[in-house]
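Whole structure, please, built from the sequences with the hints as guidance.
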Amino acid sequence: MKKLLILILALIPAVASAKIDLSTLPTRDTVQLTIYNSADLTLARESRQLTLKEGINKLQFSWANTLIDPTSLEMIPLNDAGNITIQDLTFPPRVRNLGLWNIESEVTGRVPMEITYLTSGITWRAFYMGTLSKDEETMQLAGYVRVTNNSGEDYENAQTRLVVGKVNIIDQIANLAQRQYPYDKPGAHSEMLFSSYITKSSNMRGMAVAAAPMKRMARSKAKEIKKEGLSEYFLYTIDGTETIENQWSKRLPSFDTKDIPVVNLYKYNEQMYGRSVSRFLSFKNDTKHKLGKEPIPGGTMKVYRDLQENKHLSYTGASSFKYIPVNEKVELNLGPVQNVVVKPTMMNLITKDYRYNNSGNINGWTEVKTMKLEVKNTRDVPVKIEIKRNFNTTYWEIETAQKYEKVDKDTIKFTMTLKPRTEKTFQYELTTYKNENYKIWKQRNQ
Amino acid sequence: MKTTTKTILVIAMLLALTITAQARIKMVALPERADTIIRLDNPNATLIEEERVLTLQAGLNKVDFSWKAVSIDADSIRLTVLDHPSKVKLLNVSYPPGEAALVWEVACDNKDGYAETVRISYLLRNIDRLVTYKAIADKEETKVNLKSYLVLRNFSGEDFDKVEVKLDYGKSFNKGIDHEETKQMLFFGKPEVPITKIWTWDSGKLQWDPENTPGKNIGVPVSYRIKNDKKSKLGEYALWGGKARIFQDDGSNSTIFLGEDRTGLVPVGEKTELYIGDSRDIVVTQRKMNETRTNEIKNNADRLIMYDMDETVVAKIENFKDKPATLTMIQRIPGEWEMKDSNVNMKYEKINANTLKFEITLPAREKDGPAKKELKMKYTRRHIRR
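If you're matching them up, the sequences are chains A and B in order. Each residue of the first sequence is one higher than the last, beginning at 1 in the numbering used here. Each residue of the second sequence is one higher than the last, beginning at 1 in the numbering used here.
Treat the hints as calculated values from the structure; they're not laboratory data. Careful, some of the hints might be misleading.
[Said to hold, decoys possible] No more than 27 Å apart at the CA atoms, straight line, and that leaves these computed lysine-lysine pairs for DSS-like:
1. Lys357(B) to Lys424(A)
2. Lys434(A) to Lys68(B)
3. Lys134(A) to Lys171(B)
4. Lys340(B) to Lys372(A)
Right, here's the structure in full:
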């Protein structure tokens, strides 16, 4: 439903509550939406043809039942700029959601004007569908964006742009939109508000300049989304225009890449995931993985497996991930599994080398634990397993025939690949030096 | 398309291309649901795959997919074009306000249009499967007739007329299942699966001395051990967890119910132990015969801070059965300990640092009383702190 109304007033009544004589009602020619997802914020830029007469023109703009921030309203003539002066924007008393522009014109006739404002209520989010090949070595990755319009206003044939990135805002647009007085009453923080406002909207103007020219949408093929970096943001421009009516959502394909090599990794880490093995799927956002052209916005991903029989699928699991810059690794946690098992067992414990302080109490000892690790792959594909063991102390020594890697001061990692339906058992002997016995460790290790 | 109120998933081709929130036109050629698969391979989510033939016109087509009183994860809905994937393209998806529905915009690049088969897949809630087992042991308790049933529970809100139910392995089923319907199907039947009957006495779980609980038997838990391998005529795939009811052939064309237990997932090569009940024909009396502190260490204030403890444990095992039996005895020794081989009179396997497992074979009872064995362990617990 159209709720933004522009009236050009033939008379000059100062108050909107007075009877308005309407001369023209210009419709929107174009509209562009730049939608953020890190904040409830959308920059709307629309153009309308106004018919002006020489002298002072009054223009009324009203936005009842929308979520427009009145402090962000701005109007700029697109032609005849030198001959048209926007004198002021008045928010009349005792009337809500209404502004009056006084425009001084030296020309008579139709003049295209650009009106920009910020609104809340339009959001977008990214989500993904991954389809693993049957051998699980590659994945087809399809990215989508879903735009939802709860702003109260229908936007027809809008050029739609999505901003990936974290924008700083001081006030929630939704709050500004619902204020009784656009800049609040004296005594409130209106000054600060105002200045923060200008900075933000000028930022966005800078971004909008880089926008692709609008064109009618090519109706027989899926739209492409053009992606470009600007400052700390990434701008996704959807090909052509979109109509997103109030309360509707729309899902648009963002990219679809086939045969991305992926690494299946099963992790066992009691501190992080408890006593079950968790499945991870990883790939890199780089050209080697047929990606890397732009950052991948964070979102959730559903992973399926292609059963290679007439395109049938099996559902593997879902995971959410954060924003992935170019060349960064994406790691999806698909959750705990039962078909790969890691079972650590303490097989022996001895303590030794007790030492005593001056009062004769124990202030140091050494513990030797023998640990057995049983690792099982019950799947019909080979799996790579990473087992992390944390020792909770810096003063440790290990003896094992199994290859390991030191992760940090108190953690080691075993990595192995198990063939389909095989198992492996290995042991390690861990010596930890308690309390004052760290001195023994120092002597032995330094 | 059935127009009964029970069919809740509706797909409609929209002829009118203008869709407004006020008047969404839903109608026209309603394509019948064709081949449908319920895929139950993921225990956390059920995937439905259904095929429909869409009568597409050249150019843009809007296809409305709506659902009511069913719980579908909207982000999981996928549309796969099966016949002409290069000519029929999904352009975008719209979600109307306040409705469980979506509208696909599909472009058809063929001047005569197509009758295109598409597959719609989505995750549907409240439809799942359970597995149950029924085992009938022979009189000698050496093998069982094992049957596994698949129980399909559909509380999704949707009726499925004719569907193929697929699991992660094994054969699929062609069945229809209505909303609020539960269907039990035989998944597999294996007539002669070998079992091992085991009696397990665990010193950490059971009363040591029956004399301390007068008037009450201390039952020794009895289980059947089944191995999921080729030798047991199984081993083709993992056995899902579920409830198992165990019966026994009573030798006179009838059975008795022995007991029931719940098994976890049993991967190929693994075993499961189904606890059926307690035996009162094997009696264990375990007593600690010695507990002496040694190697006491005191601090300067003459307070005991650490010591060792010499302990002797004796377990008397009696078999009152008329058959031999193998008792699995679990002994637990906390902390750090030592035991010389000469100080224990039976062989054991160390399961972990604090658990010992003895497999004790017991002959059948004798004429004048039970068959008896005695386990004796003498060990030292070290470095016990005060």
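Each hint tested on the structure:
| no. | hint | result |
| --- | --- | --- |
| 1 | Lys357(B) to Lys424(A) | holds (22 Å) |
| 2 | Lys434(A) to Lys68(B) | violated (63 Å) |
| 3 | Lys134(A) to Lys171(B) | holds (19 Å) |
| 4 | Lys340(B) to Lys372(A) | holds (22 Å) |
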